[in-house]
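Let the sequences and hints guide you as you build the complete structure.
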Amino acid sequence: MARTAEVGGVIRPVDGRLRALATRTRRLSEIARESLRNPTTLIGGVIVVLFLLMALFAPLLIEPNTPNAYQMPRDFSSVNVPPGTDGHVLGTTPTGGDVLYGIVWGARTSLRLSIIVVAITVVIGVAVGSFAGFLGGKWDEVLMRLVDVFLSVPELIFALAIAAVLGPAFGNIILALAVVFWVKYARIIRGQIIHVKQNEYVDAARVMGDKRWRIFLKDVLPNSITPVVVQATVDMGHVVLIGATLSFIGLAEAGLAEWGNLVSEGQSGIIAGRWWVATFAGAMVFLWSLAFNLLGDGLRDVLDPKSERR
Amino acid sequence: MQVREYIARRLLTLPILMLGVSILVFGLSRVGGSPIGIYIEHEMTPAEVAKIEERYGLDESLPQQYIAWLGGVVRGDLGWSGVSAAPVSSIILPKLMATMELAMLAALIAVVLGVSMGTFGGARKNKLGDHLTRVVAISGASIPIFWFGLLLLIVFYLGFGWAPLGRADPSIYARIGHPTGLYTVDSLLNLDFGAFTDALWHLALPAITMGYGSTAIIARMMRSSLVEELGEDYVDAARAKGLPERLVIRRHARRNALMPTMTVIGLSWGFLLQGTVVVELIFNWPGLGRWMTDAVLQGDQATIMSYVLITSIIFLAVNLVVDVAYAYLDRRVVLGD
Amino acid sequence: MVHAVDGVTLDIHEGETLGLVGETGSGKSVTAKSLLRLVPTPPGVYAGGEVSFRPRNSGEAVDLLRIPDQQLRGIRGNRIAMIFQDPAKALNPALSVKQQLAEVFAEHRSSELFRDAKIVAGPPGTRPLLRRAAHRHSTFFERRLLDLPPFRAMEKRLERELDERIASALSATRIPNPAKVMNSYPHELSGGMKQRVMIAQALACDPDLLIADEPTTALDVTIQARILDLIQDLQEQHHAAVLYISHDLSLVKRISDRVSVMYAGKLVETATTQQLFDDPLHPYTRALLAAVPTAEQARGELAAIEGTVPELVDPEPSCRFHSRCPHAGPICAAREPQLLTRKQQHRAACFLYDDPQDLGCPVDLMPQSQVSETQ
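Just so you know, the protein sequences line up as chains A, B and C, in that order. The working numbering puts the first residue of the first sequence at 1, with every later residue one more than the last. The working numbering puts the first residue of the second sequence at 311, with every later residue one more than the last. The working numbering puts the first residue of the third sequence at 648, with every later residue one more than the last.
Here are the simulated lysine to aspartate or glutamate pairs, DMTMM-like style, with alpha carbons at most 25 Å apart:
1) C/Lys736 / B/Glu538
2) C/Lys736 / B/Asp543
3) C/Lys736 / B/Glu542
4) C/Lys745 / B/Glu542
5) B/Lys435 / A/Asp301
6) B/Lys437 / A/Glu34
7) B/Lys435 / B/Glu555
8) C/Lys736 / B/Glu555
9) C/Lys745 / C/Asp853
10) B/Lys437 / A/Asp301
11) B/Lys435 / C/Asp716
12) C/Lys745 / B/Asp543
No wet-lab data here; the hints were simulated from the structure. Everything numeric in this text was worked out from a predicted model, so none of it was measured.
Okay, here's the thing in structure tokens:
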């Protein structure tokens, strides 16, 4: 039951915005169900779930290395072992790292990377976008120019430069990606605020004494959830793709159980016929990114078929 | 708004964005500690370090340093490249040409392949050809370039024993003159077709690796905008005139579908440019990307700064050209329809 | 499965104008498009029926739904032409007026163009090349070849012929300064001008049948009348049959010889214009006529038909108007009325005019005609 309160003679539901939010979220689960009917989206969803299971249960699948489980264990007695060997199902790297270990724990690394980066960028993006949208005028102009400047540098190159300046470390990769990826969220939120601002009902709300944060919670947030969720889904894949590229180039700590790192380790062996390290590890990056792309695509198709073009 | 006015406004934003990028790049170089880090050796005393800092103007305030640096950039002084052990300006041109040759071929592949695949798929919506297009498009957007490049190496080198690395066969390289720095063009100017084939061989794998992602982006856009155009009234009107379906698509729908695709072609240049970093590393291509990765691993800031600046300027310039061309070609954009 | 159009029978005779009236969504446009097989399949399905067309001069009737594509293309734009609702959308924004009109001539009049441009024979083996040029089907390399000396002059003559025809087609629609309009792009023209270009394009090949799908709906009121006059005049000149589709009864009354009324994908009544407006038989037609605002009516009193058009997803056999009909009896919801001749040249699909004994239906299940008598 909705509680109501009298405000200047006008009866309106106090918890209307919460209810709107709840309906939105409920709608989101319906949307998820609907989009899974599409076979390609379903494939994406299944791969995502498999990766999540692999990441969450990594310690059960393969005994973690001590003291740091994210560091590849080295077995110097079996170096460059091809796949199918006892104890090293997917073979080993030139430094005796087990490829299977790298793949399983790499899933955990990727999950960590993508969740942290997406969480940070959504928060920054929403904050900047709201500032620009609500303050308007000069602030909006300046913040949006900033966004344009950020978009003027191709994202991989931007992230690469940041990570390079900060020095090779996984933490710096996270930082670099966070600096690069917030821009789209700021645009989504700002666009939504500008749109809502133009609608008269917000003026009405303002007259009735609504504060900005209320408008934000009631009108902006519910309408922005879907595009933000779609963008975040796609970014979950994209972050790992770019992150793996950075560590492939050599910006992660040596020996980190990360797919791009593993490919980099296996790269030199290719000419000598040792194809397995790069192939398996790279395939993981591809599948991860593909799965989230398929999922995001399916969501977008259901939510807003027209936006496919953007 | 008139086309000319639109273009003028678009031209005006370019210097603003470039200025913004330069501030960004400069800021970046000051975030990661001393920009002369790689020249300072362990046994130096603080006094010696301070002396070096003074020589490079690092004792001044940041805005002053920025203006000094920007002044240098405008005069063509991009600093000293540690990895090349030479001033950036003296070594950058051949690298730029090497990268441009690769990027232009990749762009050509991407545009031709992307547009035809998109048309093919869009004209056969939800049939087999369309599904194939979608598979290529979605996988191209997800595939790590470094993995795709290595896969090509594995297939062509391990499978067929063929994979020319680098830019040209050294002996062939030596026998021709290099007026443009683009080896394909140079070899043709020298009328040396053996060298031309050699240059193409060396270009093939890296260009394909680089072009795949852009092909995917373009094909995807082309497909969806063709599908949209095919639902328009003028397509029915063209059919009602008695035109064969081939012409309805080629002359009517495709022409209009190309318009929105053009902007994506501009944006996919960003994709191409960032691809050079990885592709040049894998195929040992002596271009800007290779230079950048070397600099990244050694923390050579002048090189990193120059690279980001140059790449962004190319990216912005290409997008400007695309936008202007778009405004000219599609009168509806600016005439507010 | 949506039955957008179901069992619609229209017949149009030479030189006649048939008006097709109905509300938005009643299936008028789909009917028009089906005549030229323009409904895309899939998702569309032509479940049955035929479109029998007999060109004026050949005499052989063909079924447009069954003839091969090639033959159909020879009829589209040539023997049967179509004008669309919104000229701004029906003209390709990227092609000039000339380019769009040239297509019609090139497609259907290439041999005449050949003759008039005095292209008897080029160098041996080049006839296909030139024919493709006249058809405007040339490939990139052929176009380069056509720029070379022996062909260049021929192409020039061809081009001149084409220009002449396009200009005269445009001036027939009273476009001032056709030479200028020819080289314009659609966005440079006003709505009325665009529709004139569409009409010029449609009448370029002197068609036997012109399908006009709400040709004035998207235009300003002041221009509507002029376009309507133009269509009427040109029809008389060309002696073409016209299928005039509109939701506007007063327009249809003005232009048509006979009128068909559509409701929810079905024809409910067909009559001469006079009969239909003086003595409408079907309750839907009556309601429609009552909804037309008249001068005597008090301001603000717009009559409307209660209810909405039913969904057309897998419809039950019934009169589709029964839920909104003041006369409806139980049989109307259970069986489908046939479109039968009730008076001379006047057909209606309504149980009001059926004999219960013929239907084998108890009298109390029939619609109540008394209501209608008192009206």
